[in-house]
Amino acid sequence: MKKDLVIFDLDGTLLNTIEDLGHAANYALEKNGFATHSMASYRFFVGNGVRRLITRVLPEDERDSDTVDMLLRDFTEYYDEHNTDFTKPYAGIPELLMDLRDKNVRMAVASNKYQAAVDRIIGHFFGDVDFVAVEGQKEGVNVKPDPSIVFSILARARVPKAATLYVGDSGVDMETARRACLDSVGVTWGFRSEKELVEYHAGAIVHKPLDILDIIDNGLY
Numbered sequence: 000m001k002k003d004l005v006i007f008d009l010d011g012t013l014l015n016t017i018e019d020l021g022h023a024a025n026y027a028l029e030k031n032g033f034a035t036h037s038m039a040s041y042r043f044f045v046g047n048g049v050r051r052l053i054t055r056v057l058p059e060d061e062r063d064s065d066t067v068d069m070l071l072r073d074f075t076e077y078y079d080e081h082n083t084d085f086t087k088p089y090a091g092i093p094e095l096l097m098d099l100r101d102k103n104v105r106m107a108v109a110s111n112k113y114q115a116a117v118d119r120i121i122g123h124f125f126g127d128v129d130f131v132a133v134e135g136q137k138e139g140v141n142v143k144p145d146p147s148i149v150f151s152i153l154a155r156a157r158v159p160k161a162a163t164l165y166v167g168d169s170g171v172d173m174e175t176a177r178r179a180c181l182d183s184v185g186v187t188w189g190f191r192s193e194k195e196l197v198e199y200h201a202g203a204i205v206h207k208p209l210d211i212l213d214i215i216d217n218g219l220y
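In numbering that gives the first Met the number 0, the protein residues as written are 0 to 220.
Mixed in with the good hints there might be a few duds.
In silico BS3-like pairs for lysine-lysine, Cα to Cα no more than 30 Å straight-line [said to hold, decoys possible]: (1) K194 <-> K87; (2) K87 <-> K102; (3) K1 <-> K194; (4) K102 <-> K160; (5) K137 <-> K160; (6) K1 <-> K207; (7) K30 <-> K160; (8) K194 <-> K207; (9) K194 <-> K30; (10) K207 <-> K160; (11) K102 <-> K30; (12) K30 <-> K87; (13) K30 <-> K1; (14) K137 <-> K87; (15) K1 <-> K160; (16) K207 <-> K87.
Hints listed in this document are in silico derivations from the structure and should not be mistaken for laboratory results.
All figures in this text were calculated on a predicted structure; none of them were measured in a lab.
Sequences are here, hints too, so could you generate the full structure?
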C-alpha cells in the first residue's frame with residue numbers, strides 16, 4: 000500500500016545529537032562527583048529516554064531514585080541551554096524531508112527525548128517542515144517501545160497503519176513499530192548497529208536517507 004505518512008525517530012535518525020547529550024550527562028556527573036564517559040560510549044546509553052540515560056551512566060550502586068533525580072535536574076539545566084551546540088542533521092536528511100513534502104507524504108516525529116527539548120530542537124533545525132505531529136516524552140506516558148505516542152500520531156494524522164512507515168535507528172524503534180503494527184525501516188547512519196536492526200526484525204534497512212524514497216515509491220520488498 001502506498002505510504003502517506005512517515006513517522007521518524009529523532010536522535011540517531013534525523014539528527015546526530017550524541018555529543019550534546021554526552022556533554023550534558025558528563026556535566027551532571029562531574030558536578031556531582033561521578034566519573035564521566037567518552038562520547039563514543041554514549042551511543043550505547045541513549046535510546047530509552049533521558050531518565051534511563053542518567054541511570055545507565057551512573058555506577059550500578061548509585062542508581063537510587065534520589066541520585067537519578069538530582070543528576071536529571073542538572074542534565075536538563077545544561078541540555079536546555081546547549082542542545083544545539085554540536086547537534087546537526089545527518090547528510091541527506093533535509094533533502095529527504097523536502098522530497099517527501101513534494102510527494103505530499105506527511106511526516107511526524109516520535110522521540111523518547113522530553114517534549115520541551117524535542118520542540119526546541121525541531122524548531123531550530125526543521126522549522127520549515129510542516130510535521131503533522133511532534134511527539135516527545137511526557138509525564139505519565141510510557142516511552143518507546145511502548146507504542147502510545149505512535150498511536151497518538153496516527154489518531155492526529157488520521158492515516159491507516161497500512162499507509163504508515165516508521166523509520167528509526169535502533170532495536171527500540173523496530174520494536175515500537177512491531178508493537179504498533181507498522182512497517183519499519185532501520186537506518187544504519189545512527190547510534191546502533193545494523194546487526195541490532197536485523198535482530199529486531201527491521202522490515203527494510205537503508206544506508207542513505209534518500210533510499211527511503213525508493214521504499215515510498217516501490218514498497219518494502
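Hints not upheld, ascending by number: 7, 9, 11 and 13
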